[in-house]
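Peer 1: What follows is the residue order along each chain.
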Amino acid sequence: MRFEIEIRVTPREGIVDPEGQTIGQALDNLGYSGVHHVKAGRLVRFELDADDTDQARSSVDRMCEELIANPVIERYEVQIRSPETASP
Amino acid sequence: MKIGIVRFPGSNCDQDCHRAVDEGVGAEAVYLWHKSHSLEGCRAILLPGGFSYGDHLRAGAIARFSPIMREVIAFARDGGPVLGICNGFQILCEAGLLPGALVRNDSLRFRSYPVRVRVEQADTPFTSEYEEGDVLRMPIAHGEGQYVADRSAIDALESERRVIFRYVDELGQPTEEANPNGSARNIAGICDEGRRVVGLMPHPERVVSNLLGADGLGVFHSLIGSVRATGDGTATQALEAGDGPAARAAEAPATQAAEAAEASAP
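Chains as they are written, first to last, in the numbering used here: chain A, 1 to 88; chain B, 1 to 266.
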């Protein structure tokens, strides 16, 4: 089966996120009040062949730990969409 | 005695490192291609600055998986001396040879100018020719040089005396103003537990001549001295703190300065 994988990588809590801070500052400068805790990150999307969702998930977790995220400074969230749940 | 300089696609301080080794301290320097599986008998390895693999994903993240890095990691685990400068420091962190990580400068700007760093420890293969407390003038050139690690990791670095260089002001004090990138506790360079792997953000290879300043020459003199001291074969034993003469500007021929000045990218 072919799965659609989406990985969101964001700075870990406590790690400074100057990019997010700058976006927040810029929004404030533009007059958008009430914006708090802006975080900027990275989105990685791909398709993956795997037998089932569990296999896909464990494979993607390994990819994240080894390459896609640096656990020292980043956290990641994985979203897996199987062909059945994918919208037509 | 051969010193290996690894070339990744996007390395751009490799020639400066080569010159610092051969013209600076008179040792043999060889380039090692990132796809190579051999260190060719080199007694020490330098990972130069630049933008390996375009800094894609994270600085140093892809270079870490190069075939040559497998050899470099094995060499380092065996006690071989390895120095990572700038992007080389980022690669050593990504490879897990050094703790922590280097993230975007707190200013969000690329910083390229001379800074002052204080030598915190003189018992590594790259600092043995200095005295602890020496303040050196070296250029920085980086967008991602802010050293971060969790508090316990940084406390461990401090208590184990593994902070090797710190950004300081003209009085030798690690002030906030002297910190060019927001690094935790003004850290500019650190070493591993075995004290043989060192990474730093400033560029010692760019200050090895009278014209441009020669404060970085001691890094390369230290290395040569330490490799000689470990005798023939692969360097495996740790070296005691050096007590040799400090490297001084007078040792660098001025003729190389003009050439070195041309190579000024990070």
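One should not assume that every hint holds.
[Unchecked claim] From chain B, some residues computed to sit far from chain A (all C-beta separations above 12 Å):
| no. | residue |
| --- | --- |
| 1 | His34 |
| 2 | Leu57 |
| 3 | Val103 |
| 4 | Glu132 |
| 5 | Asp150 |
| 6 | Arg161 |
| 7 | Pro174 |
| 8 | Glu177 |
| 9 | Gly213 |
[To be verified] Not everything, but these chain B residues come out facing chain A in the computed CB check (under 8 Å):
| no. | residue |
| --- | --- |
| 10 | Gly54 |
| 11 | Ile73 |
| 12 | Glu94 |
| 13 | Asp106 |
| 14 | Ala178 |
| 15 | Gly182 |
| 16 | Arg185 |
| 17 | Ile224 |
| 18 | Gly225 |
| 19 | Arg228 |
| 20 | Gly231 |
[Unchecked claim] One side of the interface only, derived from the structure: several residues of chain B facing chain A at Cβ under 7 Å:
| no. | residue |
| --- | --- |
| 21 | Arg58 |
| 22 | Ala101 |
| 23 | Arg104 |
| 24 | Leu108 |
| 25 | Val148 |
Honestly, the hints are just simulated from the structure, not real lab data. Note that the structure is a prediction, hence the values are computed from the model and not measured. For each residue, glycine too, the CB sits at the ideal point set by N, CA and C.
Peer 1: Next step is simple, just say for each hint if it's right about the structure.
Peer 2: Do the hints match the structure? See the list:
1. Taking the minimum C-beta to C-beta distance to chain A, about 17 Å, the non-interface status of His34 of chain B holds against the 12 Å cut.
2. Not every CB of chain A is more than 12 Å from the CB of Leu57 of chain B (nearest about 7 Å), against its label as outside the interface.
3. Annotated as non-interface, Val103 of chain B brings its C-beta within 12 Å of a C-beta of chain A; the closest such distance is 6 Å.
4. Here Glu132 of chain B stays apart from chain A, with its beta-carbon at least about 28 Å from theirs, past the 12 Å limit.
5. At roughly 7 Å from the closest C-beta of chain A, the C-beta of Asp150 of chain B falls inside 12 Å, breaking its exclusion from the interface.
6. Listed as outside the interface, Arg161 of chain B is consistent with that label: its C-beta sits roughly 21 Å from the nearest C-beta of chain A, beyond the 12 Å cut-off.
7. The beta carbon of Pro174 of chain B is kept farther than 12 Å from every beta carbon of chain A, the shortest such distance being approximately 18 Å.
8. The beta carbon of Glu177 of chain B is kept farther than 12 Å from every beta carbon of chain A, the shortest such distance being approximately 18 Å.
9. With 12 Å as the threshold on Cβ separation, the claim that Gly213 of chain B sits away from chain A holds: the shortest Cβ distance comes to roughly 30 Å.
10. The beta carbon of Gly54 of chain B is not positioned within 8 Å of any beta carbon in chain A (closest approach about 15 Å), and the interface hint is therefore violated.
11. The restraint placing Ile73 of chain B at the interface with chain A is violated, with a minimum CB-CB distance near 14 Å, outside the 8 Å limit.
12. Given the 8 Å rule on beta carbons, the hint for Glu94 of chain B holds: about 7 Å separates it from the nearest Cβ of chain A.
13. Satisfaction of the interface hint for Asp106 of chain B is found here, the shortest Cβ-Cβ separation to chain A being roughly 5 Å, below the 8 Å cut-off.
14. About 18 Å separates the beta-carbon of Ala178 of chain B from the nearest beta-carbon of chain A, more than 8 Å, and the hint is not met.
15. Interface restraint check: Gly182 of chain B against chain A, minimum CB-CB distance 7 Å, threshold 8 Å, status holds.
16. The criterion of a C-beta within 8 Å of any C-beta in chain A is not met by Arg185 of chain B, whose closest approach is roughly 14 Å, and the hint is violated.
17. The criterion of a C-beta within 8 Å of any C-beta in chain A is not met by Ile224 of chain B, whose closest approach is roughly 33 Å, and the hint is violated.
18. Given the 8 Å rule on beta carbons, the hint for Gly225 of chain B is violated: about 33 Å separates it from the nearest Cβ of chain A.
19. A cut of 8 Å between beta carbons decides the hint on Arg228 of chain B: the least distance to chain A is about 36 Å, and the hint is violated.
20. A least Cβ separation of about 37 Å between Gly231 of chain B and chain A goes past the 8 Å threshold, and the interface hint is therefore violated.
21. Residue-level restraint check for Arg58 of chain B holds (minimum Cβ-Cβ distance to chain A is 6 Å; threshold 7 Å).
22. At its closest, the beta carbon of Ala101 of chain B sits 5 Å from a beta carbon of chain A; the interface hint therefore holds under the 7 Å criterion.
23. A least Cβ separation of about 5 Å between Arg104 of chain B and chain A falls short of the 7 Å threshold, and the interface hint therefore holds.
24. The interface hint given for Leu108 of chain B is met, as the beta carbon of that residue sits about 5 Å from the closest beta carbon of chain A, less than 7 Å.
25. The beta carbon of Val148 of chain B is positioned within 7 Å of a beta carbon in chain A (closest approach about 6 Å), and the interface hint is therefore held.
Consistency with the previously given hints fails for numbers 2, 3, 5, 10, 11, 14, 16, 17, 18, 19, 20, ordered from lowest to highest.
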